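In order, the protein sequence lines correspond to chains W and P. So the first sequence is residues 0 to 114, counted in numbering that gives the first Met the number 0. So the second sequence is residues 0 to 309, counted in numbering that gives the first Met the number 0.
It is worth saying that the hints were derived from the structure and are not from the lab. Please note that a few of the clues may not be correct.
Claimed, not checked - Cut-off 25 Å, straight-line C-alpha distance, at most; resulting in silico cross-link-like pairs (DSS-like, lysine-lysine):
| # | chain 1 | residue 1 | chain 2 | residue 2 |
| --- | --- | --- | --- | --- |
| 1 | P | K154 | W | K101 |
| 2 | P | K221 | W | K101 |
| 3 | P | K154 | P | K136 |
This one's a predicted model, so the numbers in the text were calculated from it and none came from an experiment.
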Amino acid sequence: MLDFNSLGLQTVIIPRRSSVIWTEQSSQLVLLEQSDQSESRFYKLYVCSGIPTQERVVTLQIGGEMRLVGVTPDESWIVANDTHQGPHFIHIESSTVIPLDKEGMFEFVGWVPTE
Amino acid sequence: MRRLLSTIFLIGLAVLLLIFVRWEYTQNQNNLQVSLQSPESTATPQPYPEPTIIIVTPDNGYPPPAPTSAVPTSTLAPRIYIPTPSATPTVTIIPSPVPLQSSAYDAIWVENIYDTIGRVRAVICRGNPQDIGNREKLVEFLNKEIQLAIISPTKEWIAFSVNDLGSVQRELWLVTSDGSITQQVATEESSTPIAFSHNGDYLLFADINILDISAPQTGQVKITVFDVVAELDLVNAEFINFPLETWLGWSLDDTRIYYILSTNNSHDVWSLNVSTESSQQLTTLTGELGQMIVDPQGRYMIYGYYSENG
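Chain W extracted, bound-state conformation (with noise of 0.2 Å):
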């Protein structure tokens, strides 16, 4: 786990071309990284707690750059903001992708429990 309570440096290598996020309760990161496939478009979602040992990876087929700005408290959905296309949610688990039909200029606030 990258502790950040634990005092000292830790170091995490960021593949290059990732966008990174904390989870709400901070002990995690979460990283979308565009892939070495990313000429045809596939990118990989990476969640990872501390150093990469619980690694999932779920392979997407969206357009264009996508920049994470959120994860769900219990991680299983991410919103995903495409320079191209605009903003995603996608469902980790089943890999679905749903475009938001947006109006204008996307900022993505945050997540509250559903009523």
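Take the given structure of chain W and dock chain P to it, following the hints.
This is chain P only, laid out in the frame that chain W set:
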């Protein structure tokens, strides 16, 4: 003579009988032509147009059946299309390893919508990712844009700043995450970071005014802690010669606020006690201090520092 008349009568009767039988036979033939229900009633049926029976099957639209299946078994049999097993479409369902599940969390996001004639409309939306078409608009502003929005750690409140298009003056607002309550907190001269306390009860923000136009990098800064529950200002701390680039953060126990205070040759991190409004200097640095952030757990401060020797 009587015998001749009897013979003529019998011949006439036979002719009438023959005509009647002929007429009856003709009637039977006509019946065959209009009825398919009694084809066995005639010994020598006449050719008639074969009825065409069309059976609409669920696989209509798929490739037609093989020709052998459509050949009638006799010239009198109706042409009936009976789908063969080979004509049944093959549907392959590839189950997903894990089915799509609705999210236990709704997403909150901001959209600033600009039209072609220079107008802007700002909305804060809420929706479940699996049913994102049924989004809900929590607030909507006409002729304003939303610059910044954050959500409280308790997920109860959303704080956001709006301003008129092209204006630096901003309005600070609060809205509940269900959209039931909306209230304006302050009107300020410029935009600075805002931060909720860890318990979600207080909102921290700063208002900056440039006092000396010859030294525009510093000015008067008022740090405010707004009590979200009681709807009043808890702290109003004013500072002079405050750098315009202001970063604010809460301590883990929400009793202190961290900020950067500028002097003539240093930019140091200070701590402000929320209860007593007393300040304490935490660093003694000589040089330029860059951006400061407090980690979400409130345990560490991270700041960039440029020393005098580089």
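Do the hints match the structure? See the list:
1. P/K154 <-> W/K101: OK: P/K154 and W/K101 at ~23 Å, within 25 Å.
2. P/K221 <-> W/K101: Violated, at roughly 37 Å.
3. P/K154 <-> P/K136: holds (17 Å)
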